[in-house]
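Kindly generate the complete structure, drawing on both the sequences and the hints.
As you go down the protein sequences, you meet chains A and B in turn. Letter by letter, the first sequence follows residues 63 to 421 of this note's numbering. Letter by letter, the second sequence follows residues 131 to 326 of this note's numbering.
Quick caveat, the hints were computed from the structure, so don't treat them as lab data. Treat each hint with caution, since some may be false.
Simulated coverage check for chain A against chain B, where a stretch passes if three residues somewhere in it have a Cβ under 8 Å from a Cβ of chain B [claimed, not checked]: (1) 102-109; (2) 197-205; (3) 222-231; (4) 238-244.
Pairwise CB distance ranges, derived in the manner of DEER restraints [claimed, not checked]: (5) Asp154(B) x Thr289(A): 43 to 53 Å; (6) Ile180(B) x Glu333(A): 40 to 50 Å; (7) Gly261(A) x Leu261(B): 49 to 59 Å; (8) Arg90(A) x Ala259(B): 28 to 38 Å; (9) Asn224(B) x Ala328(A): 43 to 53 Å; (10) Ile291(B) x Ala328(A): 49 to 59 Å; (11) Ser344(A) x Arg260(B): 30 to 40 Å; (12) Glu263(B) x Ala328(A): 26 to 36 Å; (13) Ala186(A) x Ala259(B): 49 to 59 Å; (14) Leu165(B) x Gly327(A): 26 to 36 Å; (15) Ala224(A) x Ile180(B): 18 to 28 Å.
Since we're looking at a predicted model, the values are computed, not measured. Note that CB positions come from ideal geometry on N, CA and C, so glycine has one too.
What follows is each chain in one-letter form.
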Amino acid sequence: MTRLLRISYMPLTDAGLLFVAAAKHFDREEGLRFELRPEASWANLRDKLALGICDAAHMLAPAVVASALGLDGFPAPMIGAVALGLDGNAISVSPSLGAALRAKIFGDASDPAVTARALAEIVAERAAQGQPALRFAHVFPFSSHHYQLRLWLGAGKIDPAAVRLTVTPPPLMEASIAGGYIDGFCVGEPWNTLAQRSGVAEVLHPCCALVRDCPEKVLAFPREAATLEPEISHAAARAVQRAAAWGERQENHAEFCELIAEKLGAGATPEMVAASLGHDGSAPWLRLDAQATALSGAQALWLFVLMVAAGQVEASDANAEAAGKAFWPLDGAPVAPSINLHGGTAFDPAKWRESLALF
Amino acid sequence: MPDEKKLRIVIVDQNPLRTAILRDGLREAGYEQVLVVDTFLDLEVRLRAIDADIVLIDLENPSRDVLEQMIRISGAAARPVAMFADSSDSAMINAAIDAGVSAYVVDGLKKERVKTIVDLTVSRFNAFARLREELVAAQGQLADRKAIDQAKGLVMKAKNIPEEQAYAMMRKVAMNEGKKIAEIARSILTAAEFLR
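Shown next, in the form of structure tokens:
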């Protein structure tokens, strides 16, 4: 007997483990049948999960923490049952902002602190000349994309109020930057690569240059459903882990990337997926390996710190405790990697307040 | 309620027909300030310039995430998603989902006032969906009739028989095979194309 599990997802490379679990029948081996449904917005995923139109969702990890804190105005908290990967975003800028940054860069251009200091000069000059503030787009108020932009600004000691942060749906990023409505964006794959290929943007930094092993997407369940039937969310988590362990093996790399690219469509190719995972020998941006599916309370607390820094929630111990319970690690799962900040220090959950100085 | 009429309602939608149906419905109900935004680029700036009280948007529109951001940062008066924030009215929510409607309240409107507008939007979205179904059905019927006429012409010519007899033959084959006459007509057209 298999149990049908209706899973909604956004068409992004980091939904890949769900595609692979279904295609290689890791879901069946855990007694489930994944029915995957693409959606157009994070808001839609959240609503449909809350209303029981789907059973589980590919969800922004910070949105799950926000729901645990009651920040999304919803009386339906979510939990994270398994991570769907780590990292994966990148900051891209328009060719004109890219050129302006290069003219001011002093040092290693792959260091986000170096580019952020150059950006700080540009921001100050524009303000002095009365030019409109630069605009950067992310994907959702509670998203690592939003916080990674803020981390980059922080690395250059730029006041976030000195630029405009806005939301643009990923399929509209290319047209928005080409039309001059935004000057840069932080988005997940395949959108950076697609925009760079069409020449309207250049990838400036993969976000793992700002923070490595940052929680990104999780498989979310309504807390109520996960409490009533924990075996379902556990089985789904195991299926995802098996897909990751399978994909990790060298002999499966090609098929893994093909399965993901095929399901994504919209111009995504196996080569693009392979490049983001570092299979082609380049530096990986995105982790979809078995260890990257592990969850920890420390990850949830890190996302809480990012929310505090963005002014979305108060820095209280009660909130920190509530946030730390948003992810439900699976017993016997690999240990989630610690989060490494720019400069090489690891995030210490016991000293979370000190991390606020990063911004 | 006189101030009801002053509500600024924005429809974010690229479908001109659906937009027209909804706008007319709202105007008939006495809402005077109904605006339409039909381009999604730079949406946050456009909506801020309009200073809307309520935004109506297709549930499946990717730009819903832009509205999530707007209501988040529009200050203390901001209310989250109108229809989903309060799940006490499940009938309204289900009707809205079936119709594919979502609504965002930008300032602190009372629930009853929002409900009136959402109910109206739901009925208009449904009316649009019915209209579209009828249109698709009408187009199908038109195409069927065209295929039948063409096939009939071919049969008349090939067998040198009058129109009524050709039609009767096609209808008989359709009945025997348990198919629609339009399907038989298309088979004839395909075969004729093949043998030409």
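Consistency of the hints with the structure:
1. Closer than 8 Å: that is the beta-carbon criterion, and the region 102-109 of chain A has 6 residues meeting it against chain B, so the requirement of 3 holds.
2. Coverage of the region 197-205 of chain A by chain B holds [criterion: at least 3 residues with CB-CB distance below 8 Å; count 3].
3. Coverage of the region 222-231 of chain A by chain B holds in this model, with 4 residues showing a Cβ closer than 8 Å to a Cβ of that chain against a need of three.
4. Taking a C-beta to C-beta cut-off of 8 Å, the region 238-244 of chain A contributes 3 residues in contact with chain B, enough for the three needed, and the coverage statement holds.
5. A beta carbon spacing of about 47 Å between Asp154(B) and Thr289(A) agrees with the range 43 to 53 Å that was offered as a hint.
6. Take Ile180(B) and Glu333(A): their Cβ atoms lie about 44 Å apart, and the range 40 to 50 Å holds.
7. One distance hint, 49 to 59 Å for the beta-carbon pair Gly261(A) and Leu261(B), is violated here, with the actual separation near 42 Å.
8. Remark: the range hint 28 to 38 Å for Arg90(A) to Ala259(B) is upheld by a beta-carbon distance near 36 Å.
9. Our hint of 43 to 53 Å for Asn224(B) and Ala328(A) is violated, since their Cβ atoms are close to 31 Å apart.
10. Separation of Ile291(B) from Ala328(A) is about 53 Å and conforms to the stated range, judged on CB atoms against 49 to 59 Å.
11. For Ser344(A) and Arg260(B), the Cβ-Cβ distance of about 53 Å falls outside the hinted range of 30 to 40 Å, so the restraint is violated.
12. Our hint of 26 to 36 Å for Glu263(B) and Ala328(A) holds, since their Cβ atoms are close to 28 Å apart.
13. Distance hint check: the CB atoms of Ala186(A) and Ala259(B) are about 53 Å apart, consistent with the given range 49 to 59 Å.
14. Restraint check, Leu165(B) to Gly327(A): a C-beta distance of roughly 35 Å satisfies the suggested window 26 to 36 Å.
15. Checked against the hint of 18 to 28 Å, the pair Ala224(A) and Ile180(B) passes, with Cβ atoms roughly 26 Å apart.
Violated hints for the displayed structure, listed by number in ascending order: 7, 9, 11.
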